[in-house]
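Chains as they are written, first to last, in the numbering used here: chain A, 1 to 220; chain B, 1 to 220.
Since the hints were derived computationally from the structure, they do not count as laboratory data.
Treat the hints with caution; some may be incorrect.
What the hints assert, rightly or not - Keeping only pairs whose Cα atoms sit at most 27 angstroms apart, straight-line, the calculated DSS-like set for lysine-lysine is: (1) Lys125/B <-> Lys177/A; (2) Lys56/A <-> Lys177/A; (3) Lys177/A <-> Lys115/B; (4) Lys98/A <-> Lys177/A; (5) Lys177/B <-> Lys173/A; (6) Lys84/A <-> Lys59/A; (7) Lys59/B <-> Lys173/B; (8) Lys59/A <-> Lys98/A; (9) Lys173/A <-> Lys173/B; (10) Lys165/B <-> Lys173/A; (11) Lys59/B <-> Lys173/A.
The primary structure of each chain is shown beneath.
There are 2 protein chains.
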Amino acid sequence: MRQKKVYDEKLVRSIVKEVLDKLSVAPKAFPGKIPVGLSNRHLHLSQRDLEILFGKEAKLTNLRNLSQPGQFAANETVTLVGPKGRMERVRILGPVRKETQVEISRTDSYILGIKPPVRISGDIKDSGGIKIIGHKGEIDLREGVIIAQRHIHMSPDEARGFGVKDGDSVKVKVSGKRALIFDNVMIRSGPTHRLDFHIDIDEANAAELSQGDLVELIKE
Amino acid sequence: MRQKKVYDEKLVRSIVKEVLDKLSVAPKAFPGKIPVGLSNRHLHLSQRDLEILFGKEAKLTNLRNLSQPGQFAANETVTLVGPKGRMERVRILGPVRKETQVEISRTDSYILGIKPPVRISGDIKDSGGIKIIGHKGEIDLREGVIIAQRHIHMSPDEARGFGVKDGDSVKVKVSGKRALIFDNVMIRSGPTHRLDFHIDIDEANAAELSQGDLVELIKE
Chain A
1 MRQKKVYDEK LVRSIVKEVL DKLSVAPKAF PGKIPVGLSN RHLHLSQRDL EILFGKEAKL
61 TNLRNLSQPG QFAANETVTL VGPKGRMERV RILGPVRKET QVEISRTDSY ILGIKPPVRI
121 SGDIKDSGGI KIIGHKGEID LREGVIIAQR HIHMSPDEAR GFGVKDGDSV KVKVSGKRAL
181 IFDNVMIRSG PTHRLDFHID IDEANAAELS QGDLVELIKE
Chain B
1 MRQKKVYDEK LVRSIVKEVL DKLSVAPKAF PGKIPVGLSN RHLHLSQRDL EILFGKEAKL
61 TNLRNLSQPG QFAANETVTL VGPKGRMERV RILGPVRKET QVEISRTDSY ILGIKPPVRI
121 SGDIKDSGGI KIIGHKGEID LREGVIIAQR HIHMSPDEAR GFGVKDGDSV KVKVSGKRAL
181 IFDNVMIRSG PTHRLDFHID IDEANAAELS QGDLVELIKE
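Please put together the full structure from these sequences, using the hints given.
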């Protein structure tokens, strides 16, 4: 004689929902490995500076979308001119921002003849200056040139999966012939962020990394 | 009444010598930190290739001594020509070697348009090729272009101090804003080696290292 089982339907639904939620976010929340996104030299412009460089009411036009939702590489480019050299066709990334910011590598800085600091994006106080030339005008940028500090973008779900939060500093392990462990890697997490480990070309070359290669997060 | 002590004079001399030896090598054998030596692009030439590039019975002349005893930067330079670009005034290091070897960075390789492997110096089988132009002639080098694998030179005394030996692989810890730990760092030890951590410009830029900065050896 079998005993009839009594289920609390509300509890069952709740458990099923919990399991389905976990299953569906699992690949995103616990991805284990993080894809590499290489940042070549680029700049972000304020609307004011965009109009000085490209004319009244100028707008950035989308060449291709970037990994972070809403961000794009624009068709528009500029020339950077430093005391020692110049770099042509430097890509503008959109959309426009509150402040103009130029991100280059240490290698670029030697070519241009400037010595910008390594900074997290947005932290431009007392950073480097540069001349920017567009199709319609030019700017002598007083500050805003940085070498971007390496960082990992991730959604809040992904951050929970890794057990980290926005602003944390972590390590990133790279395998291969030029294996190394990057320290001081900042977590940048928010609803509009997508999993991506951002480094510049110098860092990629030092570790023999290419776009899309997978690396491993290590907590402090 | 004191007992007269009897010393074995030979034993005493041997002990004193041992102690003095230990004392005198102590600062070199346990230096703790290792100075950084930056390698910019350069090449080593065989006598045969030197004569093709600079004429019959050509000799390298010393511009300045390098950190490794007997090694020097020569006054003589060459031009490297790859499928995509060229690099002028590339320094030759002396003395001449058995085989010609060109050492560049990954950044250089993109400019030249070649894809050489990361290798320990001397391991040039199936490495990259390049055209080399000197004052008197040129060479189409079939193989010999590498990206040098990072390594630490040290004397046998220093190796004993660190508890490592020639051919070992260790880690190197770098502090600062771009702190990281280099893995796969090879120990190169012998009587003519002097303590120096050799990296290329990409690696220096990725870690914000300059010539003479101090780094820390970590054993596996």
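Tell me the numbers of any earlier hints that the structure contravenes, in ascending order. Failing hints, ascending: 2, 4, 6, 7 and 11.
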